[in-house]
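Chain order of the listed sequences is B and U. Our numbering numbers the first residue of the first sequence as -4 and each following residue consecutively. Our numbering numbers the first residue of the second sequence as 11 and each following residue consecutively.
Simulated from the structure, these hints should not be mistaken for lab results. Beta carbons are placed, not taken as given, at the ideal position from N, Cα and C, and that holds for glycine. Just to be clear, a hint being listed does not mean it is correct.
Unchecked claim - Quick look at which bits of chain U chain B covers, simulated, 3 or more residues with Cβ under 8 Å:
#1 189 to 195
#2 276 to 284
Unchecked claim - The following label-pair restraints were derived from C-beta to C-beta distances:
#3 Asn124/B to Ser55/U: 39 to 45 Å
#4 Asn124/B to Arg159/U: 34 to 40 Å
#5 Ala270/U to Thr101/B: 46 to 52 Å
#6 Thr85/B to Ala34/U: 22 to 28 Å
#7 Arg129/U to Ser129/B: 47 to 53 Å
#8 Pro123/U to Gly63/B: 52 to 58 Å
#9 Asp17/U to Asn124/B: 27 to 33 Å
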Amino acid sequence: MLTRRTTHTTLALAASLSLAGALAGCAAEAEDSAATPPQPTTDASSSGAGDGSTDTLAGDAGTEYSDGTYTAEGSYQSPAGQENITLEVTLAGGTVTEVSLTSDATNPSSKQYQGQFISALEGAVVGKNLDEISIDKLAGSSLTSIGFTEALDSIKSEARA
Amino acid sequence: MPSFAFDAIGAPWQVDTPLPLSGAERGAIRRIAGDFDAAWSRFRSDSTVSRLRNAPGEVTLPPESAALAELYRALYRLTEGALSPIVGAALEHWGYGPGYRLTPLSGAPAPRPWDSSVRWSGTTLAADAPVVLDIGAAGKGCLAGLLARALDAAGHTDYTVDASGDLANRGTSLRVGLEHPFQPGQAIGVVELGDGALCASATNRRAWGDGLHHILDARTGLPVTTVAATWVLAADPAVADGLATALFSVPGETLAAEFACDYVRMFTDGRVELSPTLPGEVFRSAPAR
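Given these sequences and hints, build the entire structure.
Okay, here's the thing in structure tokens:
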């Protein structure tokens, strides 16, 4: 039971991060949500975050992602009582530059589950804008097969027609 | 640095050198690239490998075939069959083939194990049944290596062969950004490239909807789903390219046990795995407080 509930909280926090803009930890969603204005509150509760979830996004929630530090607090009811976690995301130039998660759990099981989530979060990559890192070349797939790109463009324009 | 830009094997390439290349050198580069395409392209009906597309038989391939066949054999073994040169038919099933249909056929592809009907070693490729040979996993790196060796032979000691993001470098070292597979205009890290190659592979660009992209698990014929992008540094560009594709199926340690390389492997959930000796850094979220 506890596992399930903790997992849900994890997903909800990930969702709130993707709303904040650009956590690679859920990069596919982040890309989609980039086109959508951030909501004043996260969808933590609607995704089944847990009981009495009280997430808020501090800072400007306009159509652009304003620089600053955003804080989301999550709480849920575990068999050992209420657990709280605080997530802090720093945005600079539209990019997540720092993510931190603070837990005040005392219950060993809660500590363990939250620890697993925290270590997963630490492993996630954070993109940096190309103009803020000095590089000579870029290694990736941005330039791809000419024929492929042309074919895809023509399929897209047919789809729009 | 002056650049010589040209199209090769269906993509834009460039060679950077401190002084402009001579007309003869540019001609030689175009010829090597043209010969490579004429032998290996499964997108051309007149290529050497396409002669086995509709009928069994035996063809003779250019000299680079020997090392390429050996590399593919090693990758096939290390990935337990996930990376195979016989994956062409499955790619074409999903629409990635001549004419770029980009529309899947109905049903699922029927993948075959390498040894069921195809023998490829040295410069000989023989097939008992029609086969679509696909060297997409290492072909670009292979050509980059051929061009680098031609530049070496012409006496060049400072150059970069840039094959649309796959790099073969000698002389002046480069700081190379690792392109974020999901965020255009961003990098997830930076590495230093001295003498050697850096090859990247990602599923994001050559993708055409519904989870279809150009990196398949040859055992199932289905697109791989958990790895988003890979980068490999190795001395030889063909090896770097092949390993970058193999990283979609197996962990870096498995490959590093057999090939001297450094690597970065990024999963679709944003986690990364990198070699301990990577000459560079990957940007990651700050530790929790």
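Hints not upheld, ascending by number | 6
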